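> One line per chain: the protein sequences are A and B, in this order. For the first sequence, our numbering begins at 1 and goes up steadily by one. For the second sequence, our numbering begins at 1001 and goes up steadily by one.
If you're looking for bench data, these hints aren't it; they were derived computationally from the structure. One thing to keep in mind: the hints can contain errors.
[Unchecked claim] On the chain A side, residues computed to face chain B include the following (Cβ under 8 Å): (1) S186; (2) G188; (3) H252; (4) T266; (5) D333.
These figures come from a predicted structure and were not determined experimentally. Backbone N, C-alpha and C define an ideal beta-carbon position, used for all residues, glycine too.
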Amino acid sequence: MTTENFPKATTEKIANRQFLYMLFMMRTTVVIALLPVLTSADAFQDAWASAIVSFFGAALLVLIIGGLGIKFPELTAVEYAQKLIGKWPGKAVSLIFILAFLVIIATDTRIYAEALVTGFLTETPLAFIVFMMVIAGSAAAYSGIEVIGRAADLLFPIFVAMLTLSLAFAIPDALAMKENLQPVLSRGAGPVLRGSMVPIIIIAQYLSLTMLIPVTNQPKKALGTALWALAGSSLVLILVTLAVTTIQGPDHGSRLVFPFFSMVRTLNISVFLERIEIFALFAWGFGIFIGVSVFMYCGTRAMSQIIGLQDYRPLIGPLAVIWGTFSVHSYQDLFELRTYFQPRIVIPYNLFWILVPMGILWAAYGIRSLAGGNPNEK
Amino acid sequence: MKNRLVALVLILVVMPLSGCWNRRDPENLALVLATAFDVDEESGVHKVIVQIANPLAMGGQDAGQGGGGEKKPFWTISANGTLSHQAMRNLAEGVSREFFWAHNRVFLLSENIARNGIYPIMDMAARERQLRASANVVVVEGDIKKLMEAEFPLEESGAKGLDRQIITIRYERSLFAIKTLNQLYNILAQPGREMFIGRIKVVEDAQQVEESSGGNSETPNTPPPALIKGGAMFKGDRMVGWAEEQETLGWAYATGRVFRSIVYIKDPVDNNTPIGLDIGEMESQMHPETDANGTRIVVQIKAEGHLHDIPVDRDLSVQSDYIKSLERRSAQAIRNAVHSTIDLSRELESDIIGFGNLIYRKQPKLWDEIGDRWYEVFTDMEIDVRVEMNIRRTGLLASPMASEKRR
């Protein structure tokens, strides 16, 4: 395959609408898969409040991540980092983004693969599922961000429809067991805040903003778009949390490996309409696919800019192998995957990805502004 | 737009076509219809009895001529193991096909295993991917093996019979606590509330049926394999005792789980003639009230019903004093049932209505103080059951025949 048939990476543009769909799907799949508001801390029946709090915390981080992109609407983070703090320091800082994309792809794919291996394809090798997803993601990334955008256009309605179906079927049971939400907020703000920490920090996914803002049609509005995507996925998170807490119970729900999934499995609409978890599974698969493709695009694009390549496509093959291998080997088993999502590990780790590069870049930007002159100039 | 629609339809069409890569074809699986768990108290060995659909005999009405006529439509087999999951795996020693558990509709627990604690089974069922938490759970009084082998006169398999009988008794008499596995997890984890699981009584011989139904029915030619009523009361994951008809009704009244129920009272005029009422709708609400004397719990029950047995000539105009006194008497009958449940709950320390949970939910601070010694507090706690009964209809007959015409 030659790269000449594909548009140049520098000229590709996606609509802000497609940008919104991508961000919405990549966050929604991960926050509802492990449902950290319920499983990561002791929020129990108040987890829905944690979900609300998590929106505000995550929004703050989105502003930190995306704020600079608005100031440099034509440039990716790798490019403006070099502009702000010099060529080599800029490249060094950008490597942190690459590390973040690597871990995020590996983890998202791994969660999906673990769910399939635990619940459905018990005899399929884990690596097979991981590499199928990575190959699909590579194909999408190879075709370019415009194609991923159109895939998001197509999959978004299906994704939303399937989530809506799963949640709609849960309504009767949830209403019958709404007592599980009481006592409401009886233990003060502590548990609610603790429950919101991990969902807030998973916003590290939105580091993809640093690479995606310049490819949107209206980069100046991209930050607003990202916040809308976050708001949408927070709404889904609140609804899913309410459904799981009522139907599975706050205690049992917090012990489950894949709470949303187990909840959907218990639904029994009528004698002839049951086993509807397949809806949730498909939605999940689509979301992971979009997420993986976007991160592969962002990762290879960032890498190509760091090493000064014209096109990012030649990097997809080698990096896909690294990503897939990392996904299979970075976690020995489900225990390690769950350990990764414990607040004391995931919070400092992800905060490092966000705050260190963005902190340096914001500081440089601030100093250049204060020193007078336009930071956009060299 | 049209192309996008076509693409969408194509994707949706492909979804149900996904097959299994390891060719585990449905027609070659042993479909488990019902699973029973038992434990030997002395050795601690767990036993699992399953009922498997027999496709050779189930293949429709013509199967009799096709050579499968001698076969029962289902097959019962059992195996032992250290814990129930091992026993389930050990079943394979005697079965020619691979098991498929996802169609299991009923979990039956023997009295033995219920009294020894059912959490090990709940734990296993939550981990095992094929078992569904939406299956119903019942506790069996009597020989569980015999029940699993029994044929239900109107049904093709025992499992289907049980499944139907559970639904039927619930809608007809509200005498059964339907609990899915998922609800059991919920209740076990809730503070101040205990599990209450429906009971199935195995019929050992026809004599028993006669006694059970009050001695006024003739011995049927084919006795039913099982009678469903009452329930098993738990403390923690261990069963502590049986609730009979009255206590089960009290539980259903207090928790608002009544679809239809009958109340018999005595005629307020001559204090002798039995009068029957059908209760159609019932709502129940509970809330704690705190005043100078401490906290008490108010149970408010609103019931609506109609007369269906009134063999004496009385004034049945709706506002009449007679109807009012019928309402008072039936309200008292409901109150008695609820109180009998509360008394048994106190005696067995099994708070199946969930008064403790009510306090935990509404007054979490108070629960922090009393939660550890809930059953001490519960014994002395005042529970005020207020019943409002409304008789709405008199059936299709407006007024009974005058007494003198019947002579």
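> Now tell me, hint by hint, if it's right for this structure.
Hint check:
1. Hint status for A:S186: holds, given a least beta-carbon distance of 4 Å to chain B, under 8 Å.
2. Hint status for A:G188 relative to chain B: violated, with the closest Cβ pair at about 11 Å, above 8 Å.
3. For the restraint placing A:H252 at the interface with chain B, the shortest Cβ-Cβ distance is roughly 4 Å, inside the 8 Å limit, so the hint holds.
4. A least Cβ separation of about 4 Å between A:T266 and chain B falls short of the 8 Å threshold, and the interface hint therefore holds.
5. Nearest Cβ of chain B to the Cβ of A:D333: about 15 Å, over the 8 Å cut. The hint is violated.
In summary, the structure is inconsistent with hints 2, 5 from the numbered list given earlier, while agreeing with the others.
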